[in-house]
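Based on the hints, put chains Y and Z in the right spot on chain V.
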Amino acid sequence: MTHLGYLLAGWGLTIGSGVLYSAHLIRRGRTLAARVPTPRRRWMTADDQ
Amino acid sequence: MFSDVRLVAAKDLRIEFRSRVTVSQVVPFAGLVLVLFGFALDANRPVLETATSGLFWVTVMFVATMAVQRSTAIETNDGARRALLLAGIEPAAVFLGKLIAVAVQLLVVEVVLVAGVVVLYDARIESWALLLSTCLVATIGIAAAGSVLGALVAGVRARETVLPILLLPVLAPVLIGATRAFDDALGSVAVDGWAWLGLLAGFGAINVVLGALAYGVLLEET
Amino acid sequence: MTKPMAGDSIEQSPVGRRVSTGSRATFWLGAVVALGVLTLILLGFFGAPEDDQQQDAVRMIFVHVPSAILTYIAFGATALGSVMWLWKRSVWWDLVAHSAAEIGVIFCGLTLATGSIWGRPTWNTYWDWGDVRLVTTLILFLIMVGYLSVRSMGDDDATATRAAIVGLIAAVNLPIVNRSVEWWFDRTLHQQSSLTDGNLEDLTLFTLVFGIVVWILFFAWAMIHRFRVGWLERELRTGDLDEAIAARRAEALIDSQPQNGASS
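Order-wise, the sequence lines are chains V, Y and Z.
Quick note: the first sequence uses our numbering, first residue 1, plus one each step.
Quick note: the second sequence uses our numbering, first residue 1, plus one each step.
Quick note: the third sequence uses our numbering, first residue 1, plus one each step.
Chain V on its own, in the form it takes in the complex (with noise of 0.2 Å):
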């Protein structure tokens, strides 16, 4: 394939990154989660909405 140089560079940065950072939020998510008091865990139905 002509330009797999190119090709490859640009779609390995950008899956590369979308991988990484979805790593990243699931990691920080259960560190989070874990510190959280279990009362408190709730998300996405806020009162003041």
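Hint data in this document are derived by calculation from the structure and do not stem from the laboratory.
Some clues are possibly wrong.
Computed Cβ-Cβ distance ranges for the label pairs, DEER-style [as the list claims (entries may be wrong)]: (1) V189/Y <-> T31/V: 52 to 58 Å; (2) M1/V <-> V209/Z: 21 to 27 Å; (3) D42/Y <-> D202/Z: 53 to 59 Å; (4) I41/Z <-> A195/Y: 44 to 50 Å; (5) A252/Z <-> S24/Y: 56 to 62 Å; (6) T238/Z <-> D78/Y: 30 to 36 Å.
Examples of chain Y residues lying across from chain Z (beta carbon under 7 Å, computed) [as the list claims (entries may be wrong)]: (7) V156; (8) P173; (9) I176; (10) F203; (11) T222.
Covered stretches of chain V, going by a simulated chain Z footprint (3 or more residues, C-beta under 8 Å) [to be verified]: (12) 6-17; (13) 25-31.
Virtual Cβ for every residue (Gly too), placed ideally from N, Cα, C.
Leaving out everything else, chains Y and Z in the frame of chain V:
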């Protein structure tokens, strides 16, 4: 309202004049930048001529950041931001007053810079009307965007470094527009400078209105 | 996976044994996204035909255009969230604004990077100052990096207000930025919008739309997680305070009641 604006502007300018920072530090800084560019571009006359507009306005951008920092520091350093509110002055009036003070300082620097480029870069001014109008209109826009962002970072820890990050991208249209208008005024490039002046006026108007509206929120809540 | 031991306070969640911001819904959404990405790779590299002029370099379109569209959706959400925070002081909207900004900056950076990488084999240049969209996107990227910078300087309501105003300034000034760059150069190397042209081959068009859909689904997935992360951070910050106030109130109640056997 207008007397309040005059009050705030006069206060800022008086403080500035008494400290003489603008005259003794900011203006020499601006001149120094012009000289440095001369060194950097190898005193290459044609290159300097082409680059004059850009170098002029980039210098103004840097000076503007300094001017806005100092304008904000007047109240922040002494914890006087609340005092402005308590004095019963409308936030919009504070904004306009500080805007005018910053604009006046920038115009002083720009006068010196014009003299600088005429002398150092051999600039020939074809249209004084366009040149001076551009200076005035662009400066108002710069001062408006700068004043509101200055108030925004006022309560923040690392405000000296975060202000340029916020201000300079927002001022990109001013840099583009003022440089093109100057190109026309200096006769170096065939562009319609007056059309660019219209864009600069639009930028100024939008940011003056936005700043007047946002200033109250910033003073009260941050 | 380790079994929870006696004395552990780790709860069961619908997915796995550790508590997280995930749920059954996000698990399946994520699975669909992953599957979609794999399908996109197959379609993009082996399904869609190459271009007459650009040859295989045209396959960059399947990552570049979806990223660009997502950038605008994300920053649009930030602008809306900023307005809603300033207007209604809605914490929900503030979290939306922050989450969308973070995701948007990533997509924006990817748009610029993939566009730049695409430009090299196609137009023999990594950057074209005459490209309106490219320059405007760069300025937008810089402003939103500033937004995140302001956000990182605190986690209170004042910070939210500051960031919201930066968001407003960005939204209001963007048309002027765009207009000024448009006037700056009349020509642009940037290819005209392929979607509205109608010049795309069927499979290319399908793959492109497919890519956009996958990216939107990823955006939804990431927003849910990032929103919950933000919510948890907020709970950690304010929750301690609320608990302390409640405890103090309970203390005060006990103090005001006569104690047993107290000497006066």
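Starting from the range 53 to 59 Å, see whether the pair D42/Y and D202/Z falls in it by beta-carbon distance. 56 Å, holds
Hint validation: F203/Y versus chain Z, beta carbon distance must be below 7 Å. Holds or violated? 5 Å, holds
Report holds or violated for the interface hint on I176/Y, using the least CB-CB distance to chain Z and a cut-off of 7 Å. 5 Å, holds
Is 21 to 27 Å respected by the C-beta to C-beta distance linking M1/V and V209/Z? 23 Å, holds
Given the hint of 30 to 36 Å, is the C-beta distance from T238/Z to D78/Y inside that range or not? Check passed, 31 Å falls within 30 to 36 Å.
Taking the Cβ atom of I41/Z and the Cβ atom of A195/Y, is their distance within the range 44 to 50 Å? For A195/Y against I41/Z, whose Cβ atoms are near 47 Å apart, the range 44 to 50 Å holds.
Please check whether the region 25-31 of chain V has three or more residues whose CB lies within less than 8 Å of a CB on chain Z. Since 5 is at least three, the answer is holds.
Within 56 to 62 Å or not, the Cβ separation of A252/Z and S24/Y? 60 Å, holds
Does the interface hint hold: is T222/Y within less than 7 Å of chain Z, judged Cβ to Cβ? Since chain Z brings a Cβ to about 4 Å from T222/Y, closer than 7 Å, the hint holds.
So is the region 6-17 of chain V in contact with chain Z by the C-beta rule, three or more residues under 8 Å, or is the coverage claim wrong? Since three or more residues must qualify, the claim that chain Z covers the region 6-17 of chain V holds, with 9 doing so at under 8 Å.
The hint names V156/Y as touching chain Z; please verify it with the least Cβ-Cβ distance against 7 Å. At 5 Å from the nearest chain Z Cβ, V156/Y passes the 7 Å test, so the hint holds.
Restraint outcome when P173/Y is required to lie within 7 Å of chain Z by C-beta distance: Interface hint status for P173/Y: holds (4 Å vs cutoff 7 Å).
Violation of the numbered hints given earlier is absent; every hint is satisfied by the structure.
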